[in-house]
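Novice: Working from the sequences, and respecting the hints, build out all of it.
Each protein sequence line maps, in turn, to chains A and X. Using the numbering used here, the first residue of the first sequence is number 1, and each one after it goes up by one. Using the numbering used here, the first residue of the second sequence is number 1, and each one after it goes up by one.
What the hints contain is simulated information worked out from the structure, not anything from laboratory work. From the three backbone atoms N, C-alpha and C, an ideal C-beta is built for every residue, glycine too. Be a bit skeptical, because a hint or two may be false.
[Claimed, not checked] With a straight-line Cα cutoff of 30 Å, these simulated DSSO-like cross-link-like pairs (lysine-lysine) come out: (1) Lys472/X x Lys453/X; (2) Lys464/A x Lys448/A; (3) Lys380/A x Lys464/A; (4) Lys163/A x Lys294/X; (5) Lys453/X x Lys33/A; (6) Lys368/X x Lys33/A; (7) Lys111/A x Lys315/A; (8) Lys369/X x Lys111/A; (9) Lys320/X x Lys163/A; (10) Lys163/A x Lys472/X; (11) Lys352/X x Lys111/A.
[As the list claims (entries may be wrong)] Chain X residues, not near chain A, derived (Cβ > 10 Å throughout): (12) Phe270; (13) Ile274; (14) Ile280.
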Amino acid sequence: MLETTGMGLLSVLILLPIVGAILTLIVPDQFHKAIKGGAVFFTGLTFVLSLGLLKTFEGGTFHFQFSEYVEWLPQWGISWHVGIDGLSLWMVLLTTLLTFLSTIFSVYVNKRAGAYFAMMLLLETAMLGVFCALDTVLFYTFFELSLIPMFVMIAIWGGANKKYASMKFFIYTLGASIFMLIGIVMMAKLNFEATGVWTFDLLAIQNSVANGTLWAQAMQIQPLIFWSFAVAFMVKCPMFPFHTWLPDAHTEAPTAGSILLAGVLLKMGTYGFLRFLLPLFPDAVRQFANVFVILAVIGIIYGAIVAAMQTDIKKLVAYSSVSHMGFVVLGIFSLNHIGIMGGAYQQLAHGISTGALFLMVGLLYERIHTRKFKDLGGLKAQMPWFSALFLIVMLSSVGLPGTNGFIGEFLALMGAVQSSFAGLYGLHWWMPVVAGIGVILAAVYLLKMFQKTFYGEITNPLLKRLKDLKRWEIGLVGVFVVFIFWGGLYPNTFLQPMERSLEAARLMSISGPGQGPSWSDKSHEINDKGDLVVVGTRTESGGWDKEHPGQPIMLANHFVKPEPTEYTAPQPPEAAHGGGHEEDADVEHAEEEEAH
Amino acid sequence: MEQWTMPSIDWTTLMPTIIVILTGCAALIVEMLRPKQNNNLIVGVSLVGLGGAAYCLLSHLGLPEISTLNGLVERDRLGSIIQLVLVGVTALTILFSEPYLRNKRIAFGEFYPLALWSAAGGMVMASSENLLMIFIGLELLSIGLYCMAGLSREETKSEESALKYFLLGAFASAFLLYGIAMFFGATGSISLSAAAGAPEGAQGLLTLSSMMLIVGLGFKLALVPFHQWTPDVYQGAPTNVTAFMAAASKAAAAAAAIRIFSAFVPVQDFWMPILYWMAILSMAVGSFSALVQKDVKRVLGYSSIANAGYILVAILGAIKSGDGNFAAAIYYLVVYSAATVGAFAVISVTAKAGTEGTRFEDLHGMWKKAPLAAGTLVFFMASMIGIPPLAGFFGKLLIFQTAVNGGYVDLAIVLAATSVASAFYYLRIMHAAFAADETAIPTQAAPVRGGLKASLIICAASTLILAFGANKIITAIEGEPEPAVTVALTGE
Chain A
1 MLETTGMGLL SVLILLPIVG AILTLIVPDQ FHKAIKGGAV FFTGLTFVLS LGLLKTFEGG
61 TFHFQFSEYV EWLPQWGISW HVGIDGLSLW MVLLTTLLTF LSTIFSVYVN KRAGAYFAMM
121 LLLETAMLGV FCALDTVLFY TFFELSLIPM FVMIAIWGGA NKKYASMKFF IYTLGASIFM
181 LIGIVMMAKL NFEATGVWTF DLLAIQNSVA NGTLWAQAMQ IQPLIFWSFA VAFMVKCPMF
241 PFHTWLPDAH TEAPTAGSIL LAGVLLKMGT YGFLRFLLPL FPDAVRQFAN VFVILAVIGI
301 IYGAIVAAMQ TDIKKLVAYS SVSHMGFVVL GIFSLNHIGI MGGAYQQLAH GISTGALFLM
361 VGLLYERIHT RKFKDLGGLK AQMPWFSALF LIVMLSSVGL PGTNGFIGEF LALMGAVQSS
421 FAGLYGLHWW MPVVAGIGVI LAAVYLLKMF QKTFYGEITN PLLKRLKDLK RWEIGLVGVF
481 VVFIFWGGLY PNTFLQPMER SLEAARLMSI SGPGQGPSWS DKSHEINDKG DLVVVGTRTE
541 SGGWDKEHPG QPIMLANHFV KPEPTEYTAP QPPEAAHGGG HEEDADVEHA EEEEAH
Chain X
1 MEQWTMPSID WTTLMPTIIV ILTGCAALIV EMLRPKQNNN LIVGVSLVGL GGAAYCLLSH
61 LGLPEISTLN GLVERDRLGS IIQLVLVGVT ALTILFSEPY LRNKRIAFGE FYPLALWSAA
121 GGMVMASSEN LLMIFIGLEL LSIGLYCMAG LSREETKSEE SALKYFLLGA FASAFLLYGI
181 AMFFGATGSI SLSAAAGAPE GAQGLLTLSS MMLIVGLGFK LALVPFHQWT PDVYQGAPTN
241 VTAFMAAASK AAAAAAAIRI FSAFVPVQDF WMPILYWMAI LSMAVGSFSA LVQKDVKRVL
301 GYSSIANAGY ILVAILGAIK SGDGNFAAAI YYLVVYSAAT VGAFAVISVT AKAGTEGTRF
361 EDLHGMWKKA PLAAGTLVFF MASMIGIPPL AGFFGKLLIF QTAVNGGYVD LAIVLAATSV
421 ASAFYYLRIM HAAFAADETA IPTQAAPVRG GLKASLIICA ASTLILAFGA NKIITAIEGE
481 PEPAVTVALT GE
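Specialist: Here is the structure:
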């Protein structure tokens with residue numbers, strides 16, 4: 001069992017916004033300057049604290065770091081177990097950054113300011129919790145908690161059709177995720193049958209999956225539980241048949257809500273794929289990977305075509321999200337190293353570029369209160385700064401080389417090509433080819449949007465009085481632009497720390513029982529070639545001494561095809577070992593191979 | 001002739017019920033001594049009495065489980081917890097009743113003694129294994145409710161509600177009594193513990209008896225198909241009475257149902273399928289009928305039908321899995337009571353100058369006029385939907401767990417599906433009060449202060465406290481946990 005560690009940096013990060021939320025609620029609305037200042041302060045502080053994670057984060061391991069474990073409801077095996085790996089590290093930073101920036105933008109909000117900023121802060125807690133939780137119920141807690149603030153934000157500060165959009169958003173996501181709760185309970189029960197311990201801890205459950213005991217007796221229900229999880233994440237993503245809530249929610253949400261919705265909330269779905277589906281349902285993932293890839297391809301094309309038809313700039317960006325998130329799914333379910341890296345990178349890139357697009361649309365809307373193309377046009381001369389920045393952001397969304405959007409889409413497509421041309425997991429060669437057309441279509445609709453907004457004659461007399469961006473607004477967008485180029489020109493900053501974690505998730509999904517990595521088994525590590533190796537030596541008490549590693553022993557290499565070796569009869573062990581531990585046998589066997 | 005000896009009486013066991021009954025008497029006397037004056041003193045007396053009863057009950061939780069008065073009254077964890085719920089619900093209702101009754105222009109002091117005696121009836125019902133005692137408790141509970149439902153004498157809908165409740169209630173009581181008679185015929189005893197020792201040949205009679213008891217309890221719990229009275233009565237009765245009815249009568253009936261159904265395990269093959277379908281129908285009918293309602297009290301009436309279905313799922317799961325652990329049902333009941341009383345307290349804000357508006361439009365703009373009420377309503381509705389980390393979520397999680405353990409995955413799925421449907425109308429209520437701006441017709445809202453404020457804050461806080469202190473609550477329900485069986489994770 002895990003030892004209680006007490007609360008640390010991650011808990012502070014997660015709970016700090018809640019403190020801010022309570023404070024903004026207490027202050028009466030007439031002091032709205034104090035409320036806004038407080039909200040900016042709290043999100044800023046959270047962002048600064050989250051940068052502290054980078055300082056001691058160790059990129060060379062796939063195990064969770066900054067782990068904290070406190071028993072919450074011990075009778076039910078629920079605990080406050082949080083920790084981050086490379087994947088969640090960037091999601092946490094993206095969350096704190098986007099929340100901070102969208103809070104600054106929100107100084108435009110005056111209606112019911114206290115409640116507004118309380119909801120922003122509550123949403124930040126929920127999002128951070130999702131990316132840090134290592135207990136399935138804790139994860140679900142934050143996953144669902146995010147619904148309330150988003151619902152309230154759309155319902156109160158939204159556009160004309162806000163009631164419908166907020167209800168649709170809530171019911172849609174709740175409807176999908178509540179079945180995941182049953183799935184979570186079923187997983188705990190299967191784990192209980194396998195190990196005799198009733199726990200919702202992700203690490204414990206994953207360990208039972210990795211050593212094969214969990215599914216050994218329940219192979220036939222794996223697809224059922226798999227889909228209960230998968231649909232929840234597919235709706236959140238959103239993937240093609242489940243995407244209809246997204247355009248409504250995006251269009252009606254206030255600008256900050258749209259930024260966070262597109263930038264972070266959608267990523268909860270793809271994060272869920274990587275954190276839960278791949279590690280927990282290896283057989284089902286391999287079996288159904290083609291379903292996901294086909295839906296992703298449909299989503300890429302469909303989202304792009306529908307986006308091209310829009311007359312509302314915000315709706316266009318919303319549909320472009322459906323298309324872009326398709327690449328994330330495409331990459332992840334290629335189930336190879338490059339594809340998963342690309343998918344995970346595209347998540348971050350989309351968060352930055354689409355967040356920036358929504359921010360700029362919001363800045364425009366605050367000035368002219370329209371988003372229809374027919375009311376726009378010729379803004380380039382009127383707002384030179386705005387149009388220059390918009391161009392950069394738009395091109396990163398297109399995926400122009402040199403911007404972050406290119407890296408993600410390229411890697412994801414490359415991964416898909418590798419898997420599908422090899423005929424793995426039921427993928428066909430045409431899938432990445434069709435998806436590639438989506439990149440061209442993205443250029444079509446985004447360039448069209450840029451042309452209709454910025455070029456041509458000014459037809460709307462209102463636009464003549466438009467002022468360019470203020471300095472602080474340029475700074476706000478500038479932060480996004482910095483990340484767009486940083487991510488496009490030197491992506492290794494972001495790819496490097498994720499690599500081991502993503503490789504671990506991949507190995508978990510494609511390895512047979514007892515061969516893949518386990519988060520709770522610290523004696524295994526992934527080396528820089530992507531091999532799963534044993535570090536540390538066996539101590540007399542049967543544990544692993546990680547301080548004095550012996551020769552790293554290769555357990556599996558999934559990058560390189562195994563060379564056919566001649567069969568040698570196993571030698572009888574010379575020294576008698578106590579207990580027939582499975583791993584003992586493995587290690588010995590491997591040691592013998594090394595000796596050859 | 002056999003010498004009759006006085007049974008030994010454990011007065012501490014009986015004390016909470018006695019205190020509540022005496023408090024009711026005291027409240028009536030105060031009302032008589034101070035006619036036509038405000039009822040604040042009555043409220044004070046009632047709260048002090050309920051506080052005393054709650055103190056006794058809390059001390060009971062640490063005492064061993066015994067049976068006294070010749071087996072007529074039990075002192076066990078189930079009984080004590082449900083009695084605590086009843087006392088708490090009564091206190092919270094009384095807290096917000098005074099401003100409401102005054103705004104509704106029905107500020108008669110009778111409400112308080114009636115509520116207290118009704119609660120005492122529920123307490124008797126919850127703490128007995130003897131069918132006759134359960135029946136007496138049920139009647140005591142119901143008679144008070146019949147009177148209270150008709151408290152608003154000027155309104156025909158209140159009268160209609162009282163009469164409807166009375167007629168159908170009397171009918172259901174008759175079924176219950178008939179079931180008890182058959183039980184006596186089958187076992188020669190009216191103690192539930194006799195069911196296990198029923199002779200072979202009496203199985204048929206015992207089965208029939210269980211059917212009759214299901215009818216009687218189904219009415220009190222508002223399970224489909226015995227639910228038709230619920231929306232009408234909930235809508236017609238004064239809002240504070242509805243709050244009391246929704247929480248107290250359900251808690252007491254659920255306690256009796258737990259005792260009765262676990263006693264009838266020998267003939268479970270017959271009644272289990274019936275209750276299985278009743279649970280499904282209750283969840284479905286309750287959730288889907290509420291979607292088309294225009295009146296918030298009616299919506300909450302249908303929601304109480306759906307919630308009765310959830311509680312039934314928890315009871316069935318616990319019986320089927322055979323461990324007899326009803327923690328899920330009881331915990332959910334506690335959570336449901338807090339949120340329901342709170343929700344009705346919020347609705348009571350709309351009463352002013354003898355009228356009250358309970359349609360959705362009447363709640364619009366409440367966030368401006370009564371921000372505390374609208375704010376706490378978010379908690380109550382979110383807890384009802386089952387949004388973590390509020391208590392309603394853990395209630396549902398626990399029910400899922402119990403259902404899966406009992407092999408009722410299908411019931412868990414129905415529960416999940418109906419929860420989604422129910423989210424829609426809970427959201428509508430939340431939206432009307434917290435998000436929607438006021439329409440052209442001005443809505444009314446009474447000032448939120450004093451007892452109402454306290455009641456709202458306590459209810460909202462308890463949706464959080466019950467969640468974060470859930471392990472303490474479960475320990476109180478289950479008793480000290482036995483040392484858990486730990487097997488090494490590595491599977492060595």
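Novice: Confirm or reject each hint.
Specialist: Going through the hints against the structure:
1. Lys472/X x Lys453/X: Holds. Lysine 472/X to lysine 453/X sits at ~27 Å (cutoff 30 Å).
2. Lys464/A x Lys448/A: holds (22 Å)
3. Lys380/A x Lys464/A: Answer holds: lysine 380/A to lysine 464/A is near 11 Å, not above 30 Å.
4. Lys163/A x Lys294/X: Given pair lysine 163/A, lysine 294/X holds - Cα atoms ~17 Å apart, limit 30 Å.
5. Lys453/X x Lys33/A: Holds. Lysine 453/X to lysine 33/A sits at ~29 Å (cutoff 30 Å).
6. Lys368/X x Lys33/A: Satisfied, since the Cα-Cα distance of roughly 20 Å is no more than 30 Å.
7. Lys111/A x Lys315/A: holds (24 Å)
8. Lys369/X x Lys111/A: With a Cα-Cα distance of about 15 Å, the restraint between lysine 369/X and lysine 111/A holds, given a limit of 30 Å.
9. Lys320/X x Lys163/A: violated (43 Å)
10. Lys163/A x Lys472/X: violated (39 Å)
11. Lys352/X x Lys111/A: Status holds; Cα separation ~28 Å.
12. Phe270: holds (28 Å)
13. Ile274: holds (24 Å)
14. Ile280: holds (16 Å)
The structure fails to meet hints 9, 10 from the earlier list, while all remaining hints are met.
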